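From first to last, the protein sequence lines are chains A and B.
According to our numbering, the first sequence is numbered sequentially starting from 360.
According to our numbering, the second sequence is numbered sequentially starting from 25.
Among the hints, erroneous ones may be present.
Distance ranges between label pairs, derived from CB positions [to be verified]:
no.	chain 1	residue 1	chain 2	residue 2	range
1	A	R503	B	D134	41 to 49 Å
2	A	T491	B	E60	25 to 33 Å
3	A	T415	B	F70	26 to 34 Å
What the simulated footprint calls covered on chain B by chain A, stretch by stretch (three residues with Cβ under 8 Å from a Cβ of chain A suffice, anywhere in the stretch; the number is not a length) [stated by the list, open to error]:
no.	stretch
4	36-43
5	63-76
6	96-106
7	120-126
Hints in this document: simulated from the structure, not taken from any laboratory.
Keep in mind that this is a model prediction, so the values were computed, not measured.
Where is the CB? At the ideal position from N, CA and C, for every residue including glycine.
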Amino acid sequence: MSNIESRGYARPEVLVSTDWVASHLQDPSIRIIESNEDPLLYPSGHIPGAVEVDWTRDLNDPLRRDYLGREGFEALMRRIGVTKDTTVVFYGDRNNWWATYAYWVFQLFGHDKAKVMDGGRIKWEKEGRPLTRDVPSYPASEYRASERDDTKIRAFRDQVLEHLKSRKPLVDVRSPDEYTGKKLHMPEYPNEGALRGGHIPGAASVPWAKAINPDDGTFKTGDELRSLYENDAKIKPGDDVIVYCRIGERSSHTWFVLTNLLGFDKVRNYDGSWTEWGNLVGVPIER
Amino acid sequence: MAVPEKLTDTLETLEMVPDRNERIQLLIDLAGRFEEVPPRIARRPFGEEPRVPACESEAFVFTEERPDGTLDFHFAVENPQGISAKAMAVILGDALSGAPLAQVAQVPTDVVYRVFGRELSMGKSMGLMGMVGMVSAMAKQRAEGKGV
């Protein structure tokens, strides 16, 4: 894959290569963070010096369906030894799906010194780079976080309803079968957590992984991404866009692509997503 | 209908390890014992029939009949990072191969939570439960074919 700077991204500085990470393993201003879907991966081996941020234990409220609050975020940052001046670099499994989810949650608290390692864990592994089972320990930091800001990059169901009425663009990033509602009708599948299948009316279908080169997990070039989102899905950088999936994790990946790689100004992630919409009484659904 | 004895033993052994990190280590060690389906049973491409529905790690399940009519279960996991799927495959293969078909057919899919705990993503839960469900369905199909 070409150099990140040559790929035509709006904000190339949010991506770093595996080479870059390898040359910053001892850099005290950098904290490498692994976020995975599979809970066994980090303990089985990770980039030397990387800490784990787990989406369920670290990023979610343990009781309510919501993200951690300011105090929880401060405690997390203290635990992983991150200060306001530390640049966090996320990577993970599943083409950085969970890494971009963690990145998005960090942005709710305004920690904008944040990057993603292009290609994620699979690229690091394929390149034969070192992994260790040693879990690092960093001195607890002082971290004063802002209150979580849900207004800029997060959308709630009433806002989605308004968005729908205003005929503003939505992007459904789930698989085609989830989009059409077919999946809920396949009896061999376990319960999906939603009573109705289909999609929010008018939403364009762009499965999240289309933004990725399947061979090495890196992001596609700016031109390829523009073709996918601007030509095919008909959304433009000036649009007010809401993205969603099942619980907001896959759509955080698309949020990352639209916001950082294509420079869209206003993209919000509807984390209630289909597990909320597909269970709501009386909301419109399209198949 | 009782759960196969060996599976009960495995679950009880895991539940005796309440410390999350220790249990994860145990599961990683189990995944390290994963052996892919031998070529005499199946070769790539495996096709769609043995594919576990909803498993994002691209797991496949195969059976081999024993002389006593019970089944050996074999697995393939195509995702090199599918370490949980590999651990689950080892548990299911060890505990259910050779067990009475009627018992295997009744294994509930929520054993996944007894193995991994509740802190699993929905996608990961679905995939692992799909593995259990597929093994049970294969045992049920074979039992019905034999009139067990």
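Against the structure, the hints come out as follows:
no. : hint                        : in the structure
1   : R503/A x D134/B: 41 to 49 Å : holds, 42 Å
2   : T491/A x E60/B: 25 to 33 Å  : holds, 26 Å
3   : T415/A x F70/B: 26 to 34 Å  : holds, 32 Å
4   : 36-43                       : violated (count 0)
5   : 63-76                       : violated (count 0)
6   : 96-106                      : holds (count 3)
7   : 120-126                     : violated (count 0)
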